[in-house]
Structure formats: C-alpha cells, structure tokens
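A.B. asks: Read off the chains here:
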Amino acid sequence: MGEVEGMGPRYSAQSETEREAAFQRLTQARLDRAYRLASILLRDQSEAEDAVHDAAVRAWQRWDDLRDQAAFDAWFDRIVVSCCRDRARRRLPNSINLLDVDPAAPDEPGHLAAERDGLRRALAALDPDHRAVVVLRYVEDLSVPAIATRTGQREGTVKSRLHYALRQLRAAWDAAERTGGSER
Amino acid sequence: MSSDRYELMERQIRGILLEDSPAGVPERLRWLIADVPHSARQDTPGLFRSLTWLRRAAAPLVVGVAMMALLALIALPLLSHPAGGSGSGSITFSPSTLSCKTPVAVTATARLPSSVHAADVVAVAFDGESGGTHTVADTSSDTKQQPDGSWVLVFTATPDHMQMICAAGGSSDGLNVLTPGTHTMQVLDATGKVLAQGSYSVTP
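Chains as they are written, first to last, in the working numbering: chain A, 1 to 184; chain B, 1001 to 1204.
Bound conformation, chain A alone:
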C-alpha cells in the first residue's frame, strides 16, 4: 500500500481548539474538490454528499495521523476515494442498470455521438477501482505516483488498472465506430 507522506503523530501536542481550527480550515478549503471528485466517482450527488461526510468523520477520527498539513489534500483525497469505493461497491449490482445515455448534442455528427455513447456505457460499467484510476487520471490530471498515493495502491497496480480500463474503453470506442460506420 502506498503510504501518504505526512502521516504520523504530530498534532497530539495541539490544543483541541487548534486541532479543530486546522481541521475546519483544511476540510472546508478542500470541500469543492472533494465533492466534485466524489460526484464523478459515484455519479450520484446525494451519494457523494454522504461519502464526503463519511470521509470528514474518518479524517477527524484520524486527525492525529496527519503529520504535515501540506500533505492534507492528498491525505483527504485518499480518504474520500476510499469512502467512494466502499459506497460504489455496495451499490454495484444496481449501478449496472443505470447506464443512462444522453442524447447527442444537436450539432454532433451521428458517428461521434455513437462513439461517445459507447464510451459512456463503458465508463459506467467499470468497477469502482478501475473507474477511480480513470477519474484521477483524466479529471484530476494526476500522475501515476499521485494516483497511487490517493488510492493506496502500488504504482504497478495503478498502471495495470489504467491499462485495463483504457483497453475496455478503447474497445467500446472502436466497436461504436464500427457500428456507426456501418450505418453511415
């Protein structure tokens, strides 16, 4: 498991007031990013609210583990990702039925719309672990080492999952292109 830099007892000497003030300042500053990340991971804003709240509770319970405030963002992201994966796994049987496909934009060529729909379905079908690495890579623009930090996985595992996920997405993209092409 990749260890988040900055973990370890440091705040134990702080007063309760100082601890709470630091927690409030850092979590509120990170809230927008954390909620966006959770919403994209879970594709459900209500679930995302619960996940972020769970993460904040967990972060407060482990506050003394945070050694360096500069490492807070990655540390908190990791907790958020973990809470999201827990929730996503619990609802997985139903989520497969939620492969909604939005209508193509009016000016979008038919074949591109088909490919986009194919991608959308493939993204929705990814399991939580694979979706997480794709989201962190393409939405958060994170490097493999940074993704490893936020998912608690080894870099090799992240690369492998990213590779597998992209293979699935590429297959869906190509299949949609062939289908679209045959209709053209």
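It is worth saying that the hints were derived from the structure and are not from the lab. Some hints here could point you the wrong way.
What the hints assert, rightly or not - Partial chain B-side listing against chain A, Cβ under 8 Å, derived: (1) Ile-1016; (2) Pro-1026; (3) Ile-1033.
Just so it is clear, CB atoms sit at the ideal spot from N, CA and C, and this is done for glycine as well.
Given the structure of chain A, go ahead and fit chain B onto it with the hints provided.
C.D. replies: Then chain B, alone, in the frame of chain A:
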C-alpha cells in the same frame, strides 16, 4: 488506433466524466462538515446517522436553499404571528399575508429557545404535516445563536420560489403552503415539543 484518434477518445473520456461534475457544494454539506468535530466530541455517532437520514428526508427542503427554504419561505412567513403553543419561541413572517396574484420575496424568522443546542435537529411542520427537518448550526449564515443562548433561524424565499409553488396549485412537496386560508407552521424538537409557532394568511 492513431494518436489523433486516441487523443480524441481521451478528450471524450474527460468530457463524459465531467458531465457528473456538480455546480457547487450544497450548503448543508458545509454545515455537516463543520459539525464533525463537535458531534465527535459529544460522542454521538447516532447523530451522524440521523443527520444523514435527516438530510435525505429534508432533501426537498434543502435542494439549493430550495425545498426547506421554500417550505420555510412559505411556512416560516406563515408563522409571522407567534402562536402561543407550548414553546417559548416564535416565528415571524414578512409579509404575513401572501397571494399568488403577486408573488413576492418572503422572509420567515424563527426564534428558538436557548434549550436548543447546536447540531440539534428540529422538525418543521406545516398545518400539522411534516415538512422536513433542519439542523441547528451556528456556522451557517441563516442560523445564529444569540448572546442569551436563543437561536434565530432566517429563511427566505424569492418571488420565483413562490411562483413555482403557485404554479403547482399552492402545494410544495405535498404541503398546501400557498392555498387560500390561514396556515400554521411549527418548529418542533426531537420529542415533538413545539419550540416555535406562527401563522400567515394566503388570499386568493
């Protein structure tokens, strides 16, 4: 797959994922996060669960200042005249008489007794019907604790909110908040005790 085509696919992936990006953080989530250390100090793990449940139950109320605010807008304004009840609080509506003919901004100000504490969950009832819940938190902009320990909760509704409810026949989330007549709104504690109450009128 050519590199151009691969780049196009990557752009599409990012675009699709960002479709689920929210417009912003719900205010209620900020309140809940701000309440985390306090709740933990109180050692009330059950509270977190109840807040989550509450949040869902009150979803219509809070959806973007919305439901709760809407109900409050309508309900609280309705409480403009403190009605005795068993609580020591009151609710004041401004204006205290409403009409769908002229949708206006409505402000409802509820004053809750000092027996209420931060993180307490209060229920809102409208003509005796449950209208959802609200978490008391002095970190929010519309809930403030007074020097004497009492609380002031302010709910506001825009003319657009009012118009939406009027367009729905005066009902919001199953509550007839803007139907002609006199309506009563109550804020109750977890035991069902009335903390504040007030009435407002709606003319045809």
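A.B. asks: For each hint, tell me whether it holds in the structure or not.
C.D. replies: Status of each hint after checking the structure:
Of the supplied interface hints, the one on B:Ile-1016 holds, with its beta-carbon coming within about 5 Å of a beta-carbon of chain A, less than 8 Å. Interface restraint check: B:Pro-1026 against chain A, minimum CB-CB distance 6 Å, threshold 8 Å, status holds. At its closest, the beta carbon of B:Ile-1033 sits 5 Å from a beta carbon of chain A; the interface hint therefore holds under the 8 Å criterion.
Checked against the numbered hints given earlier, this structure breaks none of them.
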